[in-house]
Amino acid sequence: MTTRTWGSVAVPTVASVGAAFALSALLLWLVGAPPLEAAKLILQGAFGSADKTANTLLAWTPLVLASAGLVVTFAAGMWNIGVEGQIIMGAIFATFAAREIPGPAWVVVTATLIAGAIGGALWALLVGLLRTKGNVNEIFGGLGLDFVAFGLATYLIIGPWSRQGIASTSGTDIFREEAWLPTITLFGASMPVLAVAMAIAATVVVYYLLRGTRLGLRLKTVGKSPRSAYLLGIPNDAYILYAFAIGGALAGIAGTVQATGFHHKLVPAVSGNYGFLGILVVLLAGFSAKWIDPIALFFIAVAAGSTQLDLRLDLDSAFGDVLLTVTVLFVLFGTAIAAQKRRRRATMGAEP
Amino acid sequence: MDWSATLNSVIAAAAPLVFATMGETISEKSGVINLSLEGSMRLAAMVGFVVAFWVGHALAGFGAAIAVGAVIAAIIVFGNIRLKINQIAIGFVLFLLAVALASFLGDSFVGERGLRVPPLPIPVLSDIPFFGKVLFDHDLVVYGSFLAIFVTWYLFYRTRAGLSLQGIGERPEGAFARGIPVNKLRALYAIIGGAMVGLSGAAYSLDIKLGWRETLTLNLGWIALAIVIFGGWHPVRVAMGCYLFGILQVAAFELQSVFPGVAQVLPIAPFPLMILALVMIYAGWFARLGDRWPKARGWLISEPPGAIGTIFERE
Amino acid sequence: MTLELVDIHKHFGAVRANDGVSFSVEAGELHGLLGENGAGKSTLMNVVSGFIEADSGKVILDGEVLDLRSPADAIAAGIGMLHQDPLVFLPFTVLDNFLLGSPGPERIDRKAGAAELERMSGELGFTFDPDQQARLLTVGERQQLQITRLLWLGAKVLILDEPTTGISATQREQLFFVLKQLADEGLIVLFVSHKLEEVEELCDSVTVMRAGRVVGEATMPVPPSELVAMMFGKVIEAPQRPKPVVGPPVLELTALDVTKGTADLTGFSLTVAAGEVIGLAGLEGSGQRAFLDALAGLVAPDGGTVVLDGSDVTKLSYRQHLAAGVHYLPAGRLEEGLVEGLTIEEHVALTAKEQPFFIDWGEAESEADSAIDDYRIKGTPESTAESLSGGNQQRLLLAMMPADVDLLLMEHPTRGLDLESAEYVWTKILERRDDGTCILFASADLDELLIYSDRILVFFSGRVIKVLDAATADGEELGYLIGGRERS
Chain D
91 MTTRTWGSVA VPTVASVGAA FALSALLLWL VGAPPLEAAK LILQGAFGSA
141 DKTANTLLAW TPLVLASAGL VVTFAAGMWN IGVEGQIIMG AIFATFAARE
191 IPGPAWVVVT ATLIAGAIGG ALWALLVGLL RTKGNVNEIF GGLGLDFVAF
241 GLATYLIIGP WSRQGIASTS GTDIFREEAW LPTITLFGAS MPVLAVAMAI
291 AATVVVYYLL RGTRLGLRLK TVGKSPRSAY LLGIPNDAYI LYAFAIGGAL
341 AGIAGTVQAT GFHHKLVPAV SGNYGFLGIL VVLLAGFSAK WIDPIALFFI
391 AVAAGSTQLD LRLDLDSAFG DVLLTVTVLF VLFGTAIAAQ KRRRRATMGA
441 EP
Chain R
1499 MDWSATLNSV IAAAAPLVFA TMGETISEKS GVINLSLEGS MRLAAMVGFV
1549 VAFWVGHALA GFGAAIAVGA VIAAIIVFGN IRLKINQIAI GFVLFLLAVA
1599 LASFLGDSFV GERGLRVPPL PIPVLSDIPF FGKVLFDHDL VVYGSFLAIF
1649 VTWYLFYRTR AGLSLQGIGE RPEGAFARGI PVNKLRALYA IIGGAMVGLS
1699 GAAYSLDIKL GWRETLTLNL GWIALAIVIF GGWHPVRVAM GCYLFGILQV
1749 AAFELQSVFP GVAQVLPIAP FPLMILALVM IYAGWFARLG DRWPKARGWL
1799 ISEPPGAIGT IFERE
Chain W
5 MTLELVDIHK HFGAVRANDG VSFSVEAGEL HGLLGENGAG KSTLMNVVSG
55 FIEADSGKVI LDGEVLDLRS PADAIAAGIG MLHQDPLVFL PFTVLDNFLL
105 GSPGPERIDR KAGAAELERM SGELGFTFDP DQQARLLTVG ERQQLQITRL
155 LWLGAKVLIL DEPTTGISAT QREQLFFVLK QLADEGLIVL FVSHKLEEVE
205 ELCDSVTVMR AGRVVGEATM PVPPSELVAM MFGKVIEAPQ RPKPVVGPPV
255 LELTALDVTK GTADLTGFSL TVAAGEVIGL AGLEGSGQRA FLDALAGLVA
305 PDGGTVVLDG SDVTKLSYRQ HLAAGVHYLP AGRLEEGLVE GLTIEEHVAL
355 TAKEQPFFID WGEAESEADS AIDDYRIKGT PESTAESLSG GNQQRLLLAM
405 MPADVDLLLM EHPTRGLDLE SAEYVWTKIL ERRDDGTCIL FASADLDELL
455 IYSDRILVFF SGRVIKVLDA ATADGEELGY LIGGRERS
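As given, the protein sequences belong to chains D, R and W, one line each in that order. Quick note, the first sequence lines up with residues 91 to 442 if you use my numbering. Quick note, the second sequence lines up with residues 1499 to 1813 if you use my numbering. Quick note, the third sequence lines up with residues 5 to 492 if you use my numbering.
If you are wondering where the hints come from, they were derived from the structure by calculation, not from laboratory data. Values in this document were obtained by computation on a predicted structure and should not be read as measured data. Please note that a few of the clues may not be correct.
Within a straight-line C-alpha distance of at most 27 Å, the following computed DSSO-like cross-link-like pairs (lysine-lysine) qualify [said to hold, decoys possible]:
(1) K380/D / K431/D
(2) K431/D / K382/W
(3) K380/D / K1582/R
(4) K431/D / K1631/R
(5) K1582/R / K431/D
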């Protein structure tokens, strides 16, 4: 009798990650960069100083938020490629709040966070509705809306929200300071404590939502077997929409963090690719919320640290991205091979 | 405004997009979605440029780019058909990997002056007023794009192989029952599609945009995916979608002075159009129009191939 | 020319679908293959047509041992198979459907193809519009197109799998005429069916299969009682069981029309009392599934009314039916009931009576434990649905039922279960009956129908052709009716 053993997923995952690392080390060695040196530089680049750590954490937050949202949509069986657009939409709504809502910092910041969540949720619901009512595959619907959101952001930046006299795609005016995501000065650097707290909270909430609530259980049912879910009396469409709303809200908050915490203004590329990277994080985490925080940290560390590679070893900083995507590719293949072996053993074993 | 010159440049600029969309149409028509397009094109463009640069001949560059596109498609096919990995998952990861590789490997080549394909106006034909300039005053790559449209159309609708191709994408069990080797052919067509996507990448770096930098093929891979859907998986309509997109880009440029910022926003137009097309397909509008005008049905059928994205298993 | 099947074996997991099947068919013979569902006919035909590979055994055509590894090999040998669902490419034209996969020059000459289509179909007495979309063809017409195609490609053996399901009477006559013509011309024709009358009318000889083996061969005419006996085997006498106390009428069907799916019911009326068990007999595809779907609210009836416990539920949605006290257990346990990937505990939590927002896993676990005890499920609360055996899956499904069900609809409740599991499942079902639940269940097992039903509705070709009182019915009569005939 087999129960869900984490061994059946963890072992091939870890083995694949190991293989990916080995391959990357080989690649580095081939281009003449000593792998250990590269690893050290990456760590230094990510955590070498208080400032660097702050930056790393600030980048980690939106990735975790987006990933947490994606865990929810994946649980419902949806490929939410529209997550990038949801982040952008969140940033747009947050920008609106930052510009229009008066008051002291705590009022504005709260407003931007709520606005961001609403913006992301609405944009995600659009994908969900296209899917449930219009039968439009959420992959292409989401992709299309990604670009629409990007276009909208661009339009706002060079149009209604452009800087005085300068209509440029480099962004809007900088937000007033009350709207900036608050930081606390620790060890001589501005630590994004609120952001980190939100990221951890989001992970915990998603984890318990899926594990310990009726909503989460039904979401998972819809994702694993829509037909059985229907026969059990679960309204599939409603739960798909819930999943998109929650996932979109979290992505929207990621957008807020990017706008008010990182850029302090709205730029066209505000999503920073965190949406797509989030998909990679969740793939690597086996679609479970348990591992997204450390994996996301790994991703950001590699990305942040890779800039060091450029400076010191004359290696393009895109190496970090190569390492990360190769790792995910290996894990995809590794888990698939393991699943194949399991299937073969199951049919072989059952001889009459 | 010199319309013939404008149309000439629209057609020339659209050539790479035509290659990519024809390739993806072939792949999707047989049932395989290649979501890595954006990455494949970029990596192929970079590799094509670099190899041409090293070897000193554009042809070598094109060959290398085609190989890159084919290899990426082969990975998708292997993962999907042999290991049952979801086409979307593997295509998406390869997209990001290819983009990263293109940046990483191509870094040192940014800004280098590259080779370009020489222009080749067809004698006599290019002297025809208006149409001569529009259609016959191009280079090999552009003529190749015309050929690609014709070959894809001819393959689908005039050959036995094409009919079987449509069959495996529409209802693989039915094709299998007729003795057609479904998975082998899907692999073949996906790889051919990938090769054409690779070709389109080289067409950018060696013909249209010349040279290499990261933003070279900006979003054209995604646009290609959208156009394939918008064109209803029919080669001629998809090609028209490419040219329409080209005209939109020109229009955006011209309107720049009147509506600032239009140039940045208009390029996203294919996407809402794609969504609209998908909604109309499933709402049955095209099907109902097709029932009312059966003669036009060939032009109106826009449904995706019935078994697109699915894995075919024997038992 | 002879088609010989020699000792064909094929197993799927632990199930022996074909357990040493041998028989032969001569050219010019219209040969019938009879058997109930699960007898192994479809598997065998899939082997002969190359769709699946046998584990062992030989297929010999015209003295040549065939190496059948894929449909391409079968086609090359001249074996043509008409599947029950004719596998037509719906968005393509009739002509393209005709031409797809046929050999010839790479460049398709559609005009020549259309001429061939006209010629071939003319010979068979069919007519087609080559430009019509295949989607618009009826099932019978799709069949005709496939037959035309197979013959055009030079089939020497024609296999038809339950071809008369879903076609009109005229089309059936046309089909039979063509088949007789083809047999006269020297083709080998294999007609797979469960319909006694058709086999009697059409076939020259017959092979009967049961439980994966050949249990009889005969040259027609053969008294139907013999065929029935061969198809269903020795049916036990229904043991004396105490007549249950039956309550007031709970379910009333009045002039019900269901013409969706495989059903062809018109004006059907039935009253079911509380605690009554109604068995639906008949072979797969005879309309039971569509009937059950209609009663569950998955499909809307085309006419008539369904009244449950005094309220009219005819036009209500599936979820409203659930709320009204209906519970549906379709045959696909993992596809249409349990959720692959979720544990027993999670399933229990899903269907718990109280549904608070925060799940108390401690409580869910103890509920799961008591369900496991109560229903003797071999598993732990952490066992996933797919890791359970069929019998245990069925027990879990029963454990998940709400406490008060007015109408329980089941499709093949004991399919694939061993005797002990099946008996235990019925014990639990009868407990519900004693509580006053009406039970309607479809089954292919005649013993089960006779033992547990109070009344039996026999389905054939989409209609209910007879309502039997189980206490006085016997296996032979039931077998006849399932085959479409009254015992004379």
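Okay, the hints, checked on the actual structure:
Taking the CA atoms of K380/D and K431/D, the gap is near 26 Å; set against the 27 Å cutoff, the hint holds. A distance of roughly 26 Å separates the Cα atoms of K431/D and K382/W; the hinted pair therefore holds under the 27 Å criterion. Using a Cα cut-off of 27 Å, the hinted pair K380/D and K1582/R holds, with the two alpha carbons roughly 26 Å apart. The suggested pairing of K431/D with K1631/R is violated, with an alpha-carbon distance near 60 Å, which exceeds 27 Å.
Of the supplied pair hints, the one linking K1582/R and K431/D holds, its CA atoms being roughly 12 Å apart against a limit of 27 Å.
Checked against the numbered hints listed earlier, the structure breaks hint 4 alone; every other hint is satisfied.
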